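First to last, the sequence lines map onto chains F and R. Once you know that position 86 of the first sequence is 85 in numbering that gives the first Met the number 0, the rest is easy, because the numbers rise by one and skip nothing. Once you know that position 47 of the second sequence is 46 in numbering that gives the first Met the number 0, the rest is easy, because the numbers rise by one and skip nothing.
No wet-lab data here; the hints were simulated from the structure. Errors might be hidden in some of the hints.
[Claimed, not checked] Here chain R is said to cover these stretches of chain F; the calculated rule only asks that three of the stretch's residues, wherever they fall, bring their Cβ under 8 Å from a Cβ of chain R:
1. 10 to 19
2. 26 to 34
3. 90 to 100
[Claimed, not checked] Some chain R residues flagged as far from chain F (calculated, every beta-carbon gap over 12 Å):
4. L3
5. I8
6. E19
7. R27
8. S28
9. G29
10. Q142
11. V160
12. T164
This one's a predicted model, so the numbers in the text were calculated from it and none came from an experiment. Backbone N, C-alpha and C define an ideal beta-carbon position, used for all residues, glycine too.
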Amino acid sequence: MTMIGAIALLFTCQLLGEIIHRLAGLPLPGSVIGMVLLICWLGLVRKERPTLEAVTGWLTAHLSIMFVPSAVGLIEEGPVLSQYGIGLAVATIISTLLTMVVGALVFRWALRWVKQDDDAGNEETEREGMGA
Amino acid sequence: MNDLLSTQIFWLAITFVVFEGADRLSVRSGRHPLCHPVLLAAPVLIAALLLTGTSYKTYTDATQVLGFLLGPAVVGLAVPIWRQRALICRLAVPIALALGAGALTAIISAVGIMALFGAPSEVLASIAPRATTTPVAMEVASQLGGVPALAAVIVLLAGVVGAMTATPLFNAMKISDYRARGFALGVSAHGFGAARAFQVDATAGAFASLGMALNAVVTAALLSVMAVLL
Chain F
0 MTMIGAIALL FTCQLLGEII HRLAGLPLPG SVIGMVLLIC WLGLVRKERP TLEAVTGWLT
60 AHLSIMFVPS AVGLIEEGPV LSQYGIGLAV ATIISTLLTM VVGALVFRWA LRWVKQDDDA
120 GNEETEREGM GA
Chain R
0 MNDLLSTQIF WLAITFVVFE GADRLSVRSG RHPLCHPVLL AAPVLIAALL LTGTSYKTYT
60 DATQVLGFLL GPAVVGLAVP IWRQRALICR LAVPIALALG AGALTAIISA VGIMALFGAP
120 SEVLASIAPR ATTTPVAMEV ASQLGGVPAL AAVIVLLAGV VGAMTATPLF NAMKISDYRA
180 RGFALGVSAH GFGAARAFQV DATAGAFASL GMALNAVVTA ALLSVMAVLL
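Using the sequences and the accompanying hints, generate a full structural model.
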């Protein structure tokens, strides 16, 4: 697969996702539907794709600068921030901590439940870098 | 000369230079969560817009090529999920249960607390996808009638909180399994969580990346079902 081929695959998945999004009238974003479609495609057509991995790896490694323009949009949210800023901070902090607690407890409980606790934490895993 | 301030190249050049400077500071801080390049760059750019009297509309028009790349980047999250398929199959039950419980906890607690503060629906829609990775959160928020900028900043804050508290929190809870620790951190604090998890342990990092990628799909799907039903 060439670089252009990899980009064409990503764009096509997003386009099909966008079409499904419009036809189904779901609030699920086209890009997320496109992600599911790409997983299906990778499962259907099995082969090594170093170029696709290079392109997606490059994109995820540079996610941060892509949402800078959106973060600058806060310039227009002064009224909302002055009214709900503290609430948003409190809600975000509590929700983040609570989600970590629930997620970790459920994961550990389910591991014991399916009796896979014997090799705790020693899984063979692949390294995977991620943007924000 | 004044029309230079409304050209694409002016604001793209400024954005890249400011971001590069912010990124170097972030590297110098050892990638401390509070020194995330977006958190450092956004205030500088906001100040630049205010000083030059440039409207936000002019700025987003000039820099929209950056935002466009977010779509293909989200599609590309399919690759790490696919690569970890053996892991997903082997630990299907813990992964599915922790993912479902974590995604629901994140949505209900965040929206519930904001409802107690009496926030209007556009604010609730902005915080609802707070556990997903930033581009998905912005997309989902705008689909639900929220504000993408607000969603982006909420998600950044969630990432900072998760990355800074995970180790003491899990130690206090006496959870030593790096699969459980990593996965929960990725589900709750997306890419920041994954980056932090990789600093601690490779297994935790892999599970955090997986938690982040899977939760992007699950939270987006849950919220669209809720939006259709409610």
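Each hint, compared with the structure:
With a cut-off of 8 Å between beta carbons, the segment 10 to 19 of chain F has 4 residues touching chain R; three or more are needed, and the interface restraint holds. Residue count for the segment 26 to 34 of chain F with a Cβ under 8 Å from a Cβ of chain R: 8. That meets the three needed, and the coverage hint holds. Only residues whose beta carbon comes within less than 8 Å of a beta carbon in chain R count, and the segment 90 to 100 of chain F has 11; three or more means the coverage holds. Interface exclusion of L3 (chain R) from chain F stands, the closest Cβ pair being 19 Å apart, more than 12 Å.
Non-interface status of I8 (chain R) relative to chain F is upheld: no Cβ of that chain comes within 12 Å, the nearest being about 15 Å off. Separation of E19 (chain R) from chain F is inadequate, the least Cβ-Cβ distance of about 9 Å not exceeding the 12 Å criterion. Every CB of chain F is more than 12 Å from the CB of R27 (chain R) (nearest about 16 Å), matching its label as outside the interface. Residue placement check: S28 (chain R) keeps its beta carbon more than 12 Å from all beta carbons of chain F (closest about 15 Å).
No beta-carbon of chain F comes within 12 Å of the beta-carbon of G29 (chain R); the shortest separation is about 16 Å. Listed as outside the interface, Q142 (chain R) is inconsistent with that label: its C-beta sits roughly 4 Å from the nearest C-beta of chain F, within the 12 Å cut-off. Not every C-beta of chain F lies more than 12 Å from that of V160 (chain R), the closest at about 5 Å, which undercuts listing it as non-interface. With a minimum CB-CB distance of about 6 Å to chain F, T164 (chain R) fails to clear the 12 Å threshold, and the non-interface call is violated.
Consistency with the previously given hints fails for numbers 6, 10, 11 and 12, ordered from lowest to highest.
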